[in-house]
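These are the residues of each chain, in order.
Number of protein chains: 2
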Amino acid sequence: MNNTGVRILALPGLPEVKPGDALVPLLAEALTKLPLQARSGDILVLAHKIVSKAEGRIVPLAAVTPSPLADSWAREWGRDPRVVELALSESRRIVKLDRGVLLAETRHGFVCANAGVDLSNSPEGMATLLPEDPDRSAAAIRAGLKEAAGWDLVVIIADTFGRPWREGQVNVAIGVAGGMPLSDYRGRKDGFGRTLQSTCIARADEIASAAELVMGKRRRVPAALVRGVRLEEGPGDASNLVRPADRDLFR
Amino acid sequence: MNNTGVRILALPGLPEVKPGDALVPLLAEALTKLPLQARSGDILVLAHKIVSKAEGRIVPLAAVTPSPLADSWAREWGRDPRVVELALSESRRIVKLDRGVLLAETRHGFVCANAGVDLSNSPEGMATLLPEDPDRSAAAIRAGLKEAAGWDLVVIIADTFGRPWREGQVNVAIGVAGGMPLSDYRGRKDGFGRTLQSTCIARADEIASAAELVMGKRRRVPAALVRGVRLEEGPGDASNLVRPADRDLFR
Numbered sequence: 040m041n042n043t044g045v046r047i048l049a050l051p052g053l054p055e056v057k058p059g060d061a062l063v064p065l066l067a068e069a070l071t072k073l074p075l076q077a078r079s080g081d082i083l084v085l086a087h088k089i090v091s092k093a094e095g096r097i098v099p100l101a102a103v104t105p106s107p108l109a110d111s112w113a114r115e116w117g118r119d120p121r122v123v124e125l126a127l128s129e130s131r132r133i134v135k136l137d138r139g140v141l142l143a144e145t146r147h148g149f150v151c152a153n154a155g156v157d158l159s160n161s162p163e164g165m166a167t168l169l170p171e172d173p174d175r176s177a178a179a180i181r182a183g184l185k186e187a188a189g190w191d192l193v194v195i196i197a198d199t200f201g202r203p204w205r206e207g208q209v210n211v212a213i214g215v216a217g218g219m220p221l222s223d224y225r226g227r228k229d230g231f232g233r234t235l236q237s238t239c240i241a242r243a244d245e246i247a248s249a250a251e252l253v254m255g256k257r258r259r260v261p262a263a264l265v266r267g268v269r270l271e272e273g274p275g276d277a278s279n280l281v282r283p284a285d286r287d288l289f290r
Numbered sequence: 040m041n042n043t044g045v046r047i048l049a050l051p052g053l054p055e056v057k058p059g060d061a062l063v064p065l066l067a068e069a070l071t072k073l074p075l076q077a078r079s080g081d082i083l084v085l086a087h088k089i090v091s092k093a094e095g096r097i098v099p100l101a102a103v104t105p106s107p108l109a110d111s112w113a114r115e116w117g118r119d120p121r122v123v124e125l126a127l128s129e130s131r132r133i134v135k136l137d138r139g140v141l142l143a144e145t146r147h148g149f150v151c152a153n154a155g156v157d158l159s160n161s162p163e164g165m166a167t168l169l170p171e172d173p174d175r176s177a178a179a180i181r182a183g184l185k186e187a188a189g190w191d192l193v194v195i196i197a198d199t200f201g202r203p204w205r206e207g208q209v210n211v212a213i214g215v216a217g218g219m220p221l222s223d224y225r226g227r228k229d230g231f232g233r234t235l236q237s238t239c240i241a242r243a244d245e246i247a248s249a250a251e252l253v254m255g256k257r258r259r260v261p262a263a264l265v266r267g268v269r270l271e272e273g274p275g276d277a278s279n280l281v282r283p284a285d286r287d288l289f290r
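Residue numbers (the numbering used here), protein chains in the order written: chain A, 40 to 290; chain B, 40 to 290.
No wet-lab data here; the hints were simulated from the structure.
Computed from a predicted model, the values in this text were never measured in an experiment.
Mixed in with the good hints, there may be bad ones.
Any copy will do: because identical chains look the same in the list, a pair fits if it lies in one copy or spans two.
Stated by the list, open to error - Calculated cross-link-like contacts (lysine to aspartate or glutamate; reagent style EDC-like; alpha-carbon spacing at most 20 Å):
hint: 1; residue 1: K72; residue 2: E55
hint: 2; residue 1: K228; residue 2: D119
hint: 3; residue 1: K228; residue 2: E163
hint: 4; residue 1: K57; residue 2: E163
hint: 5; residue 1: K135; residue 2: D285
hint: 6; residue 1: K72; residue 2: E163
hint: 7; residue 1: K228; residue 2: D285
hint: 8; residue 1: K228; residue 2: E55
hint: 9; residue 1: K135; residue 2: D287
hint: 10; residue 1: K228; residue 2: E68
hint: 11; residue 1: K57; residue 2: D229
hint: 12; residue 1: K228; residue 2: D172
hint: 13; residue 1: K135; residue 2: E55
hint: 14; residue 1: K135; residue 2: D223
hint: 15; residue 1: K57; residue 2: E186
hint: 16; residue 1: K185; residue 2: D110
hint: 17; residue 1: K185; residue 2: D223
hint: 18; residue 1: K185; residue 2: D229
hint: 19; residue 1: K228; residue 2: E115
hint: 20; residue 1: K185; residue 2: D285
hint: 21; residue 1: K57; residue 2: D172
hint: 22; residue 1: K57; residue 2: E171
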């Protein structure tokens with residue numbers, strides 16, 4: 040048992056990030072301002088928006104021309120046609136386009152509302168898209184922080200997703216670098232010595248959710264450090280969290 | 040911003056719980072053994088199994104007679120017919136019974152595999168069911184701990200659920216007492232002063248997931264204390280986390 044438990048700290052002092060900003064020095068400096076010293080093994084969780092903004096994945100709505108479908112459907116349901124157009128263009132599959140809800144599969148394989156296109160916490164007149172390749176972004180930030188300060192951190196990029204059957208949204212991992220996002224207990228023993236048949240925990244999602252508790256939607260805290268939990272070692276990334284359709288009996 | 044962050048501590052020293060055991064004194068004693076003193080405002084997260092066991096919601100498999108449907112389907116897919124029978128009897132609706140997966144809506148409204156019936160971390164030859172009314176259980180434990188030790192805690196009872204589209208399971212809240220499980224930001228302002236349209240965070244689920252990071256499936260740690268995050272005040276319970284079918288466009 041881990042007697043010191045898990046700690047989650049909001050990363051203080053990050054400025055509003057703009058396209059082209061280098062995230063690594065900003066994060067490295069913010070990490071030195073924590074009440075505890077960052078160290079190898081810690082997990083850095085980043086709201087995807089800070090990554091998207093730095094990578095220029097924000098779009099002025101004025102530059103978007105909605106298709107006839109986006110335009111008519113958005114108007115029918117009181118949605119912004121430009122956001123709908125962006126969401127459609129970010130999608131590789133439409134799961135549902137019904138009663139004002141656009142549920143789409145992104146090119147990464149994530150199924151979420153509006154293919155991750157979001158106006159909240161975006162500059163006026165801008166929409167934020169998901170990073171082009173959140174796993175690559177996470178790996179680059181991880182490598183950059185290792186080079187800048189020597190820390191061997193796990194980096195998780197998170198977004199807030201709704202889900203079927205349950206109210207409310209939770210933070211999940213959309214980019215992972217430095218460990219395996221799943222803790223697969225299948226074939227291992229439970230506390231009674233019984234072999235576990237189906238337990239495979241999406242640890243990176245749980246860590247993303249835990250980090251959300253200090254990040255918040257209204258406080259411009261786009262990053263948190265998590266200490267006291269480890270991902271299993273291995274060459275994993277967030278693609279491990281995408282369940283292939285043919286194996287998804289929950290659909 | 041919360042500068043001390045969130046802490047999550049595994050509750051040490053809980054014995055294996057048996058039907059009829061009084062949980063409150065066991066929990067009260069375990070809480071005094073933490074490296075930090077429990078106090079009002081803390082959140083106690085309990086794996087549902089400890090609650091189910093105390094409430095006698097464990098069933099000897101030898102006493103279960105499978106129906107013809109349970110028997111034939113279970114045999115076809117290499118499942119235990121008695122577990123399938125228990126799961127069917129715990130269900131109020133079958134979402135899917137296909138290719139070895141039984142996805143069901145429990146009488147509480149939760150949609151999960153096997154209606155929450157589980158062999159793991161159960162005594163040999165026994166299956167554990169979900170508590171009859173996890174909100175009532177949470178409220179009783181909360182009231183009992185308040186009376187026993189004066190702590191005004193939030194109590195969350197958690198189980199591990201799979202979900203569509205994503206691999207792996209995460210801990211979610213199936214019983215909540217002492218606060219609102221959802222943090223509804225709709226109508227409030229984001230960091231840019233923009234009114235949030237759709238952000239409603241399932242905070243109790245995120246807290247359940249965070250607690251799982253110290254609880255684990257193999258270590259017999261069925262409880263954790265979470266400090267540094269609060270549920271909004273109000274008369275909420277886990278029924279607030281069940282999305283009514285007619286409002287669930289994610290289905």
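Verification of the hints:
{"no.": "1", "hint": "K72 - E55", "result": "within (17 Å within a copy, 43 Å between copies)"}
{"no.": "2", "hint": "K228 - D119", "result": "between (52 Å within a copy, 18 Å between copies)"}
{"no.": "3", "hint": "K228 - E163", "result": "between (53 Å within a copy, 13 Å between copies)"}
{"no.": "4", "hint": "K57 - E163", "result": "within (13 Å within a copy, 58 Å between copies)"}
{"no.": "5", "hint": "K135 - D285", "result": "both (18 Å within a copy, 15 Å between copies)"}
{"no.": "6", "hint": "K72 - E163", "result": "neither (30 Å within a copy, 51 Å between copies)"}
{"no.": "7", "hint": "K228 - D285", "result": "neither (28 Å within a copy, 41 Å between copies)"}
{"no.": "8", "hint": "K228 - E55", "result": "between (47 Å within a copy, 17 Å between copies)"}
{"no.": "9", "hint": "K135 - D287", "result": "both (17 Å within a copy, 11 Å between copies)"}
{"no.": "10", "hint": "K228 - E68", "result": "neither (43 Å within a copy, 28 Å between copies)"}
{"no.": "11", "hint": "K57 - D229", "result": "between (48 Å within a copy, 17 Å between copies)"}
{"no.": "12", "hint": "K228 - D172", "result": "neither (36 Å within a copy, 29 Å between copies)"}
{"no.": "13", "hint": "K135 - E55", "result": "neither (34 Å within a copy, 46 Å between copies)"}
{"no.": "14", "hint": "K135 - D223", "result": "neither (31 Å within a copy, 24 Å between copies)"}
{"no.": "15", "hint": "K57 - E186", "result": "neither (23 Å within a copy, 53 Å between copies)"}
{"no.": "16", "hint": "K185 - D110", "result": "neither (46 Å within a copy, 56 Å between copies)"}
{"no.": "17", "hint": "K185 - D223", "result": "neither (27 Å within a copy, 38 Å between copies)"}
{"no.": "18", "hint": "K185 - D229", "result": "neither (36 Å within a copy, 32 Å between copies)"}
{"no.": "19", "hint": "K228 - E115", "result": "neither (54 Å within a copy, 26 Å between copies)"}
{"no.": "20", "hint": "K185 - D285", "result": "neither (38 Å within a copy, 49 Å between copies)"}
{"no.": "21", "hint": "K57 - D172", "result": "within (18 Å within a copy, 49 Å between copies)"}
{"no.": "22", "hint": "K57 - E171", "result": "within (16 Å within a copy, 52 Å between copies)"}
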